[in-house]
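Colleague: Listed below, chain by chain, are the residues.
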Amino acid sequence: MQIEVSKIERVDLFASKPRRGDLIFFGFAKTAAYFAFSLVFLVFIFLSLRSASTFKEQGLAFVTGSTWDQASNTFQIMPMLVGSLVLVVLALFVAVPSSIAVAYFIEFMAPARVARWTTNIVDLLAALPSIVIAIWGAFVFTPVAAGWGRLLNQYFGSIPVFRNDVDNYYRSPFIGGWILAIMMIPIITSVSREVISRVDKELVNAAYALGATRFSAMRRVILPTARGGILGGILLGIGRGLGETIAILYTINLIFHVNIIRILENRGGSVAPMIASYYGEADGNAISALLAAGVVLFLLTLIVNMFASFIVQRSEKKMAS
Amino acid sequence: MTNLMTVDYGPMPRPTGVMPWKNRSKSMLVSIGLASLLPIAFTLLVAQHYAMPGATALIAMFVPLQLVAAGAAATFVGGRRGIADAILTVLVIFLVLLVAIVLGSVLFNLIRKGIRALSLQFLFYDSTYVSSSTSLDYGGVYHAIIGTVILVSLAAAVTIPLGIGVGVFLTETRSRMRGPVRFITQSMTGLPSIVSGLFVYAFFIISGFSEQVGITGAVALLLLMLPTVARLSEEVLKLVPQDLRSAAMALGAPRNKAFFQVILPAARSGVITAILLGLARIVGETAPLLMTTVPSDSKNYNPFSGPMSTIPTYIYKWVSAGSDIAVQRAWGAALVLLILVGIIFTFARIFGKQKF
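The listed protein sequences correspond, in order, to chains S and V. Numbering-wise, the first sequence is residues 1 to 321 according to the numbering used here. Numbering-wise, the second sequence is residues 1 to 356 according to the numbering used here.
Okay, chain V solo, but in the shape it has when bound (with noise of 0.2 Å):
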């Protein structure tokens, strides 16, 4: 009968407002804002007096300074274990910001330079007659965008197959081999891709058995796509449930059919996000092209004969020509080809957030 004698409160309720970790001192918050403006306010300064250009300024002073004086409020506010503290935090934004620099440089380049050169006429004509010294109102990039989709088409056709296959072997097979596939695999995706250019040189080209066409290239993509969507399939064939090829079983679906009906449909998502990605790894390779195919400047729709360009052999050949015409040409190419990879992804993150 003890139980009587204690009484039940119900859960306690919390207590606003009350929490120590959030207080700062006036003093604190005096020597955190102080540390955060004198760099800046002082790098200004003095950049603005020397006419400093702005990324010398920012590494070669803004960073010692913000360092130092973040260190320095550090050492005020939580006394000598703070410094490093405030160091690790400093270096850290720093270069996450770096990161963020970069890619904003890149990007705003690439539209600012690229937009000059992009309209309806550079997408929808290609160049024959065009020199790298006639103007932008003339020629464009068609032949190269048919030649990337024949290519990328023509390489994911046999990939995506042969990709899913390899995945399928990786988990629905109990092989003693899937550790050493799985293991080849996995190295092959760090293969460089000019050694997949010379391999399809020195096998079909060297060896006689084609010229350099459109379907060498596709063969060397090929190389370069397999390992991406194989592994990113097996990945994503991992994450079905075990339950659900245990219930196709058990209601007596052969193994094919429970794979085709219950098994691909739960991963579907993911297996095209897997197919995506190896198409974006392969959309922008550049030099085992500039081995496997040679660059054309008219239309081309056939893969077996005849030079084909690509996007990037378009924008390597410009750029090789020099002229200012001839790379803005080369900077719309790449934004063309920027806005084909945007593409792929945006598509990859829709299908990557359906859940099955």
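Chain S with its partners taken away, still in its complex shape (with noise of 0.2 Å):
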């Protein structure tokens, strides 16, 4: 005789009569749950509350002019926000290379003791503080990075991005996209090797067995199916840049002036540093003006992080099936 079994699973067994102690349980678990949930709307609503004014007040302005000025109550952010960007894409140049070369090293190049010793560097980088990599990059980078940015202009100096007219390299997006990329790397390469790691190892040997090298096997086997997941920690990793405050603030100087791709120059901008150093002398307008960055910043950052989010677990569930 043949049990049904779809009969059996549909009986629920606990429906029936609740217990108290798991009414508590459940009830408890479903009030943190929504709790986090309603924390994103929480923290929107009250940044956009106290900011309306200076949305108000300054319009479309606030994010396409370039003016700060507490006395005329003129708040505009743009080139804190080109700032940021100019910053990003400079970390991306060196922190996507490094970080797949890392991923790519530990997973396939590396004897396991080596590769085990890099993990480890790597998970060091990660839980370094980001104050302690401000000191470190404002008192010992911050020199070397200006030689290098010197040697750069003298060089290359009629190429328009490596021009300097000032004649000071020090606290240039330069540098700030430097120590942006060590904060990214740790993100981006603890996403990308979780991925690769993920890469059939039989499909890679399959490729080196055809005959295929390691620069091909990477090519057109590993990376092409690792592509979505790399994506995504990129993603993260850019929102972690666009969030970062403290080192920035250390290594750059935040000028109300756009300035794009004179990138050796002393004059950058971010929104996230602007906030934490003129919050101190703001008065009433200002403030509703920071907070109003805030908004700003947190819409951009989460648009990335939702983004990356949805692209990782898409792709990690790519790889599962």
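It cannot be assumed that every hint is accurate.
Claimed, not checked - Listed next, the in silico SDA-like pairs over lysine to any residue satisfying Cα-Cα at most 20 Å (straight line):
hint, chain 1, residue 1, chain 2, residue 2
1, V, K238, S, F93
2, S, K317, S, M306
3, S, K317, V, F183
4, S, K317, S, F307
5, S, K317, S, D165
6, S, K30, V, I160
7, S, K30, V, T173
8, V, K26, V, F62
9, S, K30, V, F183
10, V, K257, V, D243
11, S, K30, V, R174
12, S, K317, S, F156
13, S, K318, V, G179
14, S, K317, V, L239
15, S, K317, V, G179
16, V, K257, S, R220
17, V, K238, S, E194
18, S, K318, S, L223
19, V, K257, V, R174
20, V, K257, S, A282
21, V, K238, V, R268
22, S, K30, V, N256
23, S, K30, S, F46
24, S, K318, S, R214
25, S, K56, S, A282
26, S, K30, V, P161
27, S, K317, V, R178
28, S, K317, V, L264
29, V, K238, S, E316
30, V, K26, V, F42
31, S, K30, V, V158
32, S, K30, V, K238
33, S, K30, V, G179
34, S, K30, V, L264
35, S, K201, S, R227
36, V, K257, S, L23
37, V, K238, S, R314
FYI, nobody ran anything at the bench for these hints, they're computed from the structure.
Using the hints, put the two chains back together into the complex; each one sits in its own frame.
Modeller: Structure, rendered in structure tokens:
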């Protein structure tokens, strides 16, 4: 005789009489989950509420103008927004190749012991608080990187990117980009490693057996399979980079004048450090403007992060199937 | 009866010493050796001669030379297909070394500069009567350490039950909201710390609920720690085998007892790791504390009133003060912070390695 399994599964043993302990237990879990869920909206609503006056007074010029003047009540943050993007792009130039290289090195090239050490290095880098990177960046790295900037200007000064008319190589977006890259590398590496390690080893070995070299296996097998996950990791890194405050505050000058391509000059910008550094001397209207900048930053990072977690989840599902 | 015809020789012994892929001809060895030695030698000579700074010589000369040399050797050994391989190998190793050097430089400088300020008195005295020119023999970071410990423990005391609660919701229930909650908490892990500070500032301080005291800082830290703990505890609770849950149910345990007596103990090491990683995330946070607390120079054990320093804001304060001695204090405090993070991570490693 055959038992109808489907019927058994439908019997819900616990629906009939929920116990008090369970009610409390799951009630708490539910409350916690809804609390975490509503936090995003709480943050967004409160920040928008408190900064509504700025958005109303400044209008669209808040994100397209470049004057910040407390006396005349003009608050516009475009140089900071553009500066954030410049820093992130600069950082990506260093962080993306390094992260993929480290992930590839750990998974495919290094002997087990070296791979373990490299993993530890990346974990340690992730563990460094940003104030520690900030103080290192300001007092140790800045002089070194300023020297690099001077050399770049000396030999490639004719390229607009490396032009410098102020002869000051300190506190430039170039340096900020390096610092940001250091903060992004652990994130991108750990996500890329995760997806690269899930690439079917049989597939890679099959490619080698067919005569693939390291390079062609990387280009034709590993990267195409892991692409989605790596992209998600890069987006997470960008989210981190946009929100980084203290390390950028210590390594670049915040100037309210849009500077996109002169990366060696000592004028840059970024939203998060701007909020931290202007907050001390701000009065009512300026506070509201800083909160408005916070709203813009929040939305920007939230969109990037949501996109990232969406891509990572999708690629995980794809690789699992 | 055909079986009788075949003779079973047993497993064939694997021939030893025959590893064709390990064969290297002499010319190959020579070219590989030359490719790795020549660039080093050349760079050293030129850098010595022109007194180039090390990092510049490394990046501007050694790496390009090494690329060319490796490419040449690869062409010699493996034909045209070898070039891309050689370049990939050299670049990967160089980038890994770059990351290692950066970390090494951070740690080396932190220890070298921090150790000067570090002493028992630095750890156990506060900074009352200390100005930016006071010698390092006076004053210390004690008030900041207790500030950090108080704020972080307050944040953790709220976050740990809440975070695990979210994990329970995501793994033990069949609610339809699981997807959205998971998605939002995952996105919240990337919340910029300054935004959390701004929110607390707008919510508590502008609204007049509270001054800038310890507890407002703790709330800002809570917002940053909660998503991390929630997401990680979901991951570890998911790893507990489904059979354990079913077994507990089959023995008649109510689900809350099943969780506290079976599932949580099974996932204990993972949950502890999740908590420790959450702690490590917030212990060094600076930006939100700049907005939500006021630094002080003396001890304050009460998070509900008065200014309260933490190690990150202490570092910020002394770096802003600018003088050499002040910056040395900041390096010392940064080393203390790193030691704190190191302790947390060592615990995380120990618990993370335990298997259930």
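Colleague: Each hint: holds or not?
Modeller: Tested hints:
1. As the CA atoms of K238(V) and F93(S) are separated by approximately 36 Å, the hinted pair breaks the 20 Å bound.
2. The straight-line distance between the Cα atoms of K317(S) and M306(S) is roughly 16 Å, inside the 20 Å bound, and the hint therefore holds.
3. Our distance criterion of 20 Å between C-alpha atoms is met by K317(S) and F183(V), whose separation comes to about 15 Å.
4. Restraint check for K317(S) and F307(S): satisfied, since their Cα atoms lie roughly 15 Å apart, inside the 20 Å limit.
5. At roughly 51 Å between alpha-carbon atoms, K317(S) and D165(S) are farther apart than 20 Å, so this suggested pair is violated.
6. Taking the CA atoms of K30(S) and I160(V), the gap is near 15 Å; set against the 20 Å cutoff, the hint holds.
7. The straight-line distance between the Cα atoms of K30(S) and T173(V) is roughly 9 Å, inside the 20 Å bound, and the hint therefore holds.
8. Our distance criterion of 20 Å between C-alpha atoms is broken by K26(V) and F62(V), whose separation comes to about 26 Å.
9. For the proposed pair K30(S) and F183(V), the alpha carbon gap of about 16 Å is at most 20 Å, so the pair holds.
10. Restraint check for K257(V) and D243(V): satisfied, since their Cα atoms lie roughly 16 Å apart, inside the 20 Å limit.
11. Using a Cα cut-off of 20 Å, the hinted pair K30(S) and R174(V) holds, with the two alpha carbons roughly 11 Å apart.
12. Between K317(S) and F156(S) the alpha-carbon distance is near 46 Å, which puts this suggested pair outside the 20 Å criterion.
13. Using a Cα cut-off of 20 Å, the hinted pair K318(S) and G179(V) holds, with the two alpha carbons roughly 17 Å apart.
14. Proximity of K317(S) to L239(V) is assessed by CA-CA distance (about 17 Å); at most 20 Å being required, the pair is judged to hold.
15. Of the supplied pair hints, the one linking K317(S) and G179(V) holds, its CA atoms being roughly 14 Å apart against a limit of 20 Å.
16. With a C-alpha separation of about 51 Å, the suggested pairing of K257(V) with R220(S) is violated against the 20 Å cut-off.
17. Distance restraint check for K238(V) and E194(S): the Cα-Cα separation of roughly 17 Å lies within the 20 Å cut-off, and the hinted pair is therefore satisfied.
18. Of the pairs offered as hints, the one joining K318(S) and L223(S) holds, with about 15 Å between alpha carbons and a cut-off of 20 Å not exceeded.
19. Simply put, K257(V) and R174(V) have alpha-carbon atoms about 18 Å apart, close enough for the 20 Å limit, and the pair holds.
20. Restraint check: the Cα-Cα separation between K257(V) and A282(S) comes to about 53 Å, which exceeds 20 Å; the hinted pair is violated.
21. With a C-alpha separation of about 13 Å, the suggested pairing of K238(V) with R268(V) holds against the 20 Å cut-off.
22. This hinted pair checks out: K30(S) and N256(V) have alpha carbons roughly 13 Å apart, not beyond 20 Å.
23. At roughly 23 Å between alpha-carbon atoms, K30(S) and F46(S) are farther apart than 20 Å, so this suggested pair is violated.
24. As the CA atoms of K318(S) and R214(S) are separated by approximately 25 Å, the hinted pair breaks the 20 Å bound.
25. Of the pairs offered as hints, the one joining K56(S) and A282(S) holds, with about 19 Å between alpha carbons and a cut-off of 20 Å not exceeded.
26. A hinted pair counts as satisfied when its Cα atoms are at most 20 Å apart, and K30(S) with P161(V) qualifies at roughly 12 Å.
27. Only pairs whose Cα atoms come within 20 Å are accepted, and K317(S) paired with R178(V) is accepted, the gap being roughly 17 Å.
28. Of the pairs offered as hints, the one joining K317(S) and L264(V) is violated, with about 27 Å between alpha carbons and a cut-off of 20 Å exceeded.
29. Taken as a hint, the K238(V) and E316(S) pair is honoured in the structure, with Cα atoms around 15 Å apart against an allowance of 20 Å.
30. With a C-alpha separation of about 24 Å, the suggested pairing of K26(V) with F42(V) is violated against the 20 Å cut-off.
31. Of the pairs offered as hints, the one joining K30(S) and V158(V) holds, with about 16 Å between alpha carbons and a cut-off of 20 Å not exceeded.
32. Only pairs whose Cα atoms come within 20 Å are accepted, and K30(S) paired with K238(V) is accepted, the gap being roughly 17 Å.
33. Between K30(S) and G179(V), the direct Cα distance comes to roughly 13 Å. Compliance with the 20 Å bound is thereby established for this hinted pair.
34. The suggested pairing of K30(S) with L264(V) holds, with an alpha-carbon distance near 18 Å, which does not exceed 20 Å.
35. Restraint check for K201(S) and R227(S): the C-alpha separation of about 16 Å stays at or below 20 Å, so the hint holds.
36. Our distance criterion of 20 Å between C-alpha atoms is met by K257(V) and L23(S), whose separation comes to about 12 Å.
37. At roughly 18 Å between alpha-carbon atoms, K238(V) and R314(S) fall within 20 Å of each other, so this suggested pair holds.
Hints 1, 5, 8, 12, 16, 20, 23, 24, 28 and 30, counting from the list given before, are not met by this structure.
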